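Chains W and A are the protein sequences, given in the same order. Quick note on the working numbering: the first sequence kicks off at 88 and runs consecutively. Quick note on the working numbering: the second sequence kicks off at 474 and runs consecutively.
If you're looking for bench data, these hints aren't it; they were derived computationally from the structure. The structure presented is a predicted model; accordingly, all values stated were derived computationally and were not measured. Among the hints, a few may not be true.
Said to hold, decoys possible - Now the stretches of chain W that chain A is said to cover, found in silico as 3 or more residues with beta-carbon under 8 Å:
id, segment
1, 131 to 142
2, 186 to 198
As the list claims (entries may be wrong) - If you want a taste of the chain W side facing chain A, the calculated C-beta under 8 Å gives, among others:
id, residue
3, Tyr112
4, Tyr119
5, Gly181
A virtual CB, placed ideally from N, CA and C, is assigned to each residue, including glycine.
One letter stands for each residue in the lines below.
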Amino acid sequence: AQSVTQPDIHITVSEGASLELRCNYSYGATPYLFWYVQSPGQGLQLLLKYFSGDTLVQGIKGFEAEFKRSQSSFNLRKPSVHWSDAAEYFCAVGAHQAGTALIFGKGTTLSVSS
Amino acid sequence: DVKVTQSSRYLVKRTGEKVFLECVQDMDHENMFWYRQDPGLGLRLIYFSYDVKMKEKGDIPEGYSVSREKKERFSLILESASTNQTSMYLCASIREDNEQFFGPGTRLTVL
Numbered sequence: 088a089q090s091v092t093q094p095d096i097h098i099t100v101s102e103g104a105s106l107e108l109r110c111n112y113s114y115g116a117t118p119y120l121f122w123y124v125q126s127p128g129q130g131l132q133l134l135l136k137y138f139s140g141d142t143l144v145q146g147i148k149g150f151e152a153e154f155k156r157s158q159s160s161f162n163l164r165k166p167s168v169h170w171s172d173a174a175e176y177f178c179a180v181g182a183h184q185a186g187t188a189l190i191f192g193k194g195t196t197l198s199v200s201s
Numbered sequence: 474d475v476k477v478t479q480s481s482r483y484l485v486k487r488t489g490e491k492v493f494l495e496c497v498q499d500m501d502h503e504n505m506f507w508y509r510q511d512p513g514l515g516l517r518l519i520y521f522s523y524d525v526k527m528k529e530k531g532d533i534p535e536g537y538s539v540s541r542e543k544k545e546r547f548s549l550i551l552e553s554a555s556t557n558q559t560s561m562y563l564c565a566s567i568r569e570d571n572e573q574f575f576g577p578g579t580r581l582t583v584l
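Take the sequences, apply the hints, and build the full model.
Listed below in structure tokens is the structure:
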């Protein structure tokens, strides 16, 4: 079955520290991969996406993610976290067929301590 | 700037009421989606539409219906609202490269 697992429900990181949010997927074919962020009371905003090519992708707000096919992972990283990064983060996987619905993980809530 | 809008940010309804949630996108996208979001459960797909007047059930369609009379508008209908439908509802449309664009969400409370 197709699924996305985000093992960490809640993570707390000190401001200025590095961040890694984990994402593992189970998918029958080569997937499209996405990370979205949701600030409190808001909709989801795309941080970055992987379709093909270079397995290290850069996104907005200083985020990056690395696709590792052998580990079925697409972990999100940021070298130095800012207080404004506190939000909920969702990993998602989709098919290469245009217009198909994404499958989302259950999300990881990031808190930033000062 | 691309945009998906939802008719209400917050909505309070009573059990048994018929509820309409409206979603409009201005990107001329073919496919649109309705999700509900609950703590610890992530986003779950209720219905999607791949063309005007076309619809498909998602993972949790029970208690919901949808309407797509125009390409830009996709409505979610709760025929008889129940307390277990209290949730955040997110609408999205999708580009050809499968990037989804989300509306701000409607937080529905059913009393």
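How the hints compare with the structure:
{"no.": "1", "hint": "131 to 142", "verdict": "holds (count 5)"}
{"no.": "2", "hint": "186 to 198", "verdict": "holds (count 8)"}
{"no.": "3", "hint": "Tyr112", "verdict": "13 Å, violated"}
{"no.": "4", "hint": "Tyr119", "verdict": "5 Å, holds"}
{"no.": "5", "hint": "Gly181", "verdict": "5 Å, holds"}
Hint 3 from the earlier list is the only one contradicted by this structure; the remaining hints agree with it.
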